[in-house]
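Number of protein chains: 2
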Amino acid sequence: METAKLVTLVVWITAVSPCVYSKQSEQMRKNGTRPNIIVMLMDDMGWGDLGVFGHPAKETPNLDKMASEGALMTDFYSGNPLCSPSRAAFLTGRLPIRNGFYSTNAHARNAYTPQKIVGGIPDSEILLPELLRKAGYKSKIIGKWHLGQQERYLPLNHGFDEFFGSTNCHFGPYNNKNTPNIPVFRNGEMIGRYYEEFEIHQKTGESNMTQLFIEEALKFIDEQHAAGNPFFLDWTPDATHTPLYASSGFLGNSQRGLYGDAVMELDSGVGRILEKLRDLKIDSNTFVFFMSDNGAATYAKEQGGSVGPFLCGKETTFEGGMREPSIAWWPGKIKPGIISRQLGSIMDLFTTAVELAGLSIPKDRIIDGSSLLPLLLNGEEDPNKAIFYYRGDEMMAVRQGLFKAHYWTWTNSYSEFKHGTNFCPGQNVTGVMTHDQTNHTDSPLLFNLGLDPGEKYPIKSSSAVYKEVMPSLEAVVKDHKNKLVAGEPQLNICDKAVENWAPPGCVKLNKCLPIPKSNPFNCTWVH
Amino acid sequence: METAKLVTLVVWITAVSPCVYSKQSEQMRKNGTRPNIIVMLMDDMGWGDLGVFGHPAKETPNLDKMASEGALMTDFYSGNPLCSPSRAAFLTGRLPIRNGFYSTNAHARNAYTPQKIVGGIPDSEILLPELLRKAGYKSKIIGKWHLGQQERYLPLNHGFDEFFGSTNCHFGPYNNKNTPNIPVFRNGEMIGRYYEEFEIHQKTGESNMTQLFIEEALKFIDEQHAAGNPFFLDWTPDATHTPLYASSGFLGNSQRGLYGDAVMELDSGVGRILEKLRDLKIDSNTFVFFMSDNGAATYAKEQGGSVGPFLCGKETTFEGGMREPSIAWWPGKIKPGIISRQLGSIMDLFTTAVELAGLSIPKDRIIDGSSLLPLLLNGEEDPNKAIFYYRGDEMMAVRQGLFKAHYWTWTNSYSEFKHGTNFCPGQNVTGVMTHDQTNHTDSPLLFNLGLDPGEKYPIKSSSAVYKEVMPSLEAVVKDHKNKLVAGEPQLNICDKAVENWAPPGCVKLNKCLPIPKSNPFNCTWVH
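Chains as they are written, first to last, in UniProt numbering: chain U, 1 to 527; chain A, 1 to 527.
It should be emphasised that the hints constitute simulated quantities derived from the structure, not laboratory data. A few of these clues could be false.
[Unchecked claim] Below, a list of computed lysine-lysine pairs in the BS3-like style, where the Cα atoms sit at most 30 Å apart:
{"no.": "1", "chain 1": "A", "residue 1": "Lys-65", "chain 2": "U", "residue 2": "Lys-58"}
{"no.": "2", "chain 1": "A", "residue 1": "Lys-385", "chain 2": "U", "residue 2": "Lys-385"}
{"no.": "3", "chain 1": "U", "residue 1": "Lys-456", "chain 2": "A", "residue 2": "Lys-333"}
{"no.": "4", "chain 1": "U", "residue 1": "Lys-418", "chain 2": "A", "residue 2": "Lys-478"}
{"no.": "5", "chain 1": "A", "residue 1": "Lys-276", "chain 2": "U", "residue 2": "Lys-385"}
{"no.": "6", "chain 1": "U", "residue 1": "Lys-138", "chain 2": "U", "residue 2": "Lys-418"}
{"no.": "7", "chain 1": "U", "residue 1": "Lys-58", "chain 2": "A", "residue 2": "Lys-467"}
{"no.": "8", "chain 1": "A", "residue 1": "Lys-301", "chain 2": "U", "residue 2": "Lys-65"}
{"no.": "9", "chain 1": "A", "residue 1": "Lys-385", "chain 2": "U", "residue 2": "Lys-58"}
{"no.": "10", "chain 1": "U", "residue 1": "Lys-281", "chain 2": "U", "residue 2": "Lys-333"}
{"no.": "11", "chain 1": "A", "residue 1": "Lys-333", "chain 2": "U", "residue 2": "Lys-65"}
{"no.": "12", "chain 1": "A", "residue 1": "Lys-467", "chain 2": "U", "residue 2": "Lys-460"}
{"no.": "13", "chain 1": "A", "residue 1": "Lys-134", "chain 2": "U", "residue 2": "Lys-456"}
[Said to hold, decoys possible] Some chain U residues flagged as far from chain A (calculated, every beta-carbon gap over 12 Å):
{"no.": "14", "residue": "Glu-275"}
{"no.": "15", "residue": "Glu-474"}
{"no.": "16", "residue": "Lys-481"}
Here a beta-carbon is modelled for each residue, glycine too, at the ideal position from N, C-alpha and C.
Please model the complete structure; the sequences and the hints are all you need to start from.
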């Protein structure tokens, strides 16, 4: 079995010349190891939601234990303050501005993949499972996909071997006339719809979806282990995205209400998955990374997560919008109890996974992620690593070391704010939280996130620190912009005809709905 | 030695009839154990300052380890949002409104013991070391006393056997004409003054005071161990109170600036003290409790601590003002890794210590503290425990379970706020943070701190939850007020003549300054 897998690998290397082994992966290939890879990607969970990251409820014992057994990353970022682009960043290793997961319909707008979106992940993008397949990996995504609604964008058309979950959030219920209910897929076909075959109780929030996602994960691990396949599991349950849900065994268990119930259920799922790895004695051959796709949905108030000590939440390029609760776990490889302040981002998981599989990253395009293995295995830090905070087509801010410069600030428009949409409830930092898109390019707002993690006290532009720090940040930005080739924007066009009226599989289920006439229009992105 | 100590104890029992053994302490007496007691009481450190409580810098490895070896208390409170009253609450086990550490000069004002204060801890109050002495304990306070400036209030006149530190904060430097520099005492006599013999560099913040406080602690432990005495160490270093300081070995080490340097130095001190207990093999016979005297001094901006996810800071009765980073540690007795959400307060340390010493609490007065031993040793929780949040003479708020009701709200006055004093920088919760003293007594502002730890979303008074919860909170308040006999207020009168012009010991040092003529006046408390 081991020999057969190596053959597959070698064949691929011969066939795909641009990809060559890296030094570290060469060693892994020699050792005959291709570790399994599990990414646990939460939905709208905030930096401050885990006990180990400081939530006072301390209701995440499994995640807290995972952190104590692995590496806790304090300064790790999503790829975007919104879900679809961040998930696309993960699976391509590239910023949304490169992989096309943005819109140019208006300046600096967050865009995602609602049902009516026409675009999705371009075929020209190389997704992680496409690469991993060439090293013999079996890949499954369980939960929310969010990289496109239409058939050609489905996971199995982009490298995944299996899929259980949905292309979108579990919004609804809809009436199947104006809007169809969101489908749940097994692999390439719909097997039912949310609020129909897959229930979420509107009043109580009761749903067994997270249990299904956990069971699917355990089954997949069992199966791949039995078959002797290295595997990549992209576990993306979405119970912490509104409308929140939890199963009967967890409803009412948390002191945080339904949001906390959902967190506790996910935490228990993390515990069960890690336990499965231990039971199968493959824990020391499985790299697991836990994080979230963007900051806490603070606009949901008590129904949203916690940004901890940070400013604002999801949709914003303040720390609350993009800093994520992140844990790496690999018993026997990553030393227990590591706390790392190394800057990193979800795109690093792409490059790390590629290296773990003994592959090299594509050489024909810019990959933004860098491998975490030198850090996690050998403690090698990279002080030059930079984080770019984008909102749609605009680079809003940049961070290197402890310093973050905002070139643009915007929470949301006055009109949205006045109508009750607040991304920063309970917070008010004059001149920093702005309700108009404010251009600071001539004199960026600079913060020392060590001294001031809450982005409350801009460093005076007349100060020595500002004069010392800004030139190096400017150089980072200049280099970034010089090399930037923006991808074709995928999130500009909407059309009700592409909604999930009649997804693949609907005939078998007798659940096809009449498709309205195509009428493409420019999507409106308000934030 | 052991016999001799038991004799002392028995004699005392015979002599002081109101104090009888509790059941638990009876057992301890039978076992011949009188555990040492160390309380590490920080100054202005916030709930969010420790790694284990969620600070992103994660620069407190020793405290984080202490928590993992002991019990982390998530919902533990100071006795007041300000230092002197909170420290008086600890050492008397009584709310400041009972022990006199408040003012009636104006409504709901925080008061403390500046140099010019005439009052101090009344002789009628029984302080913890006074009790412990009767069980053979040697007691020392190292650091800030803050229970009165005048000679009659000094620690050795209130039960302590030893004192190294100061009666007050290390404010200054002063000119010794308008105001004398703050004295540093050894036992009953001044041995120098801050900014003179005990240096704090005004520009760099360099000072070896914390090192002195650590060395004093280690020496005291060594000495008492050698002498075979059970001991009580009240370790109250004040480096995290502005003006901040740290020693040369720590300056510049933190990513949080001088505040973080001070935290790191204190953290190292905690590590060294616990290590000393292990080295002497008395760790399993020493109860250690770490906490802070009030919330983070948010008004100090980047020079202040972190309130984590909570509202406002020091001086306020919001969570940021009184919830404290709290850890109990007693290897072999308290199971490692306990996380407790039991409500508790600094006054519980009084009662716990009394029980640990095999004594009973005084029966002639109300003691607000309750013993933590049933919780820490046997996991017995008390769901009825209530926390009362006072500002001066006014009960501002009450908490029981997850619910907190504000009867009064006030951050600070508009005029103070407009002049730049902000206890809630970067925060804004309309109707909750009020700049006038707002009386909600007819319809208290109710919060579910489980759902809403940041006190952002008041529960509607028309809601079912409100109607269910408020009556029981009202009953708690009614009972509290019915039984309340307010002590004589100690913090009303000021007089420049009582400042530290000529403290005991000044003659020997030739450091006596001329005492101005007495001119008592009502102290002004603006917050």
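Status of the hints after comparison with the structure:
1. A:Lys-65 x U:Lys-58: Within the cut-off at roughly 17 Å; holds.
2. A:Lys-385 x U:Lys-385: violated (49 Å)
3. U:Lys-456 x A:Lys-333: violated (43 Å)
4. U:Lys-418 x A:Lys-478: violated (41 Å)
5. A:Lys-276 x U:Lys-385: violated (41 Å)
6. U:Lys-138 x U:Lys-418: Not satisfied, since the Cα-Cα distance of roughly 49 Å exceeds 30 Å.
7. U:Lys-58 x A:Lys-467: holds (28 Å)
8. A:Lys-301 x U:Lys-65: violated (34 Å)
9. A:Lys-385 x U:Lys-58: Within the cut-off at roughly 20 Å; holds.
10. U:Lys-281 x U:Lys-333: holds (14 Å)
11. A:Lys-333 x U:Lys-65: Holds, at about 22 Å.
12. A:Lys-467 x U:Lys-460: At roughly 50 Å apart (the allowed maximum being 30 Å), U:Lys-460 and A:Lys-467 break the hint.
13. A:Lys-134 x U:Lys-456: violated (51 Å)
14. Glu-275: holds (18 Å)
15. Glu-474: Fine: 22 Å to the nearest Cβ keeps U:Glu-474 off the interface.
16. Lys-481: holds (28 Å)
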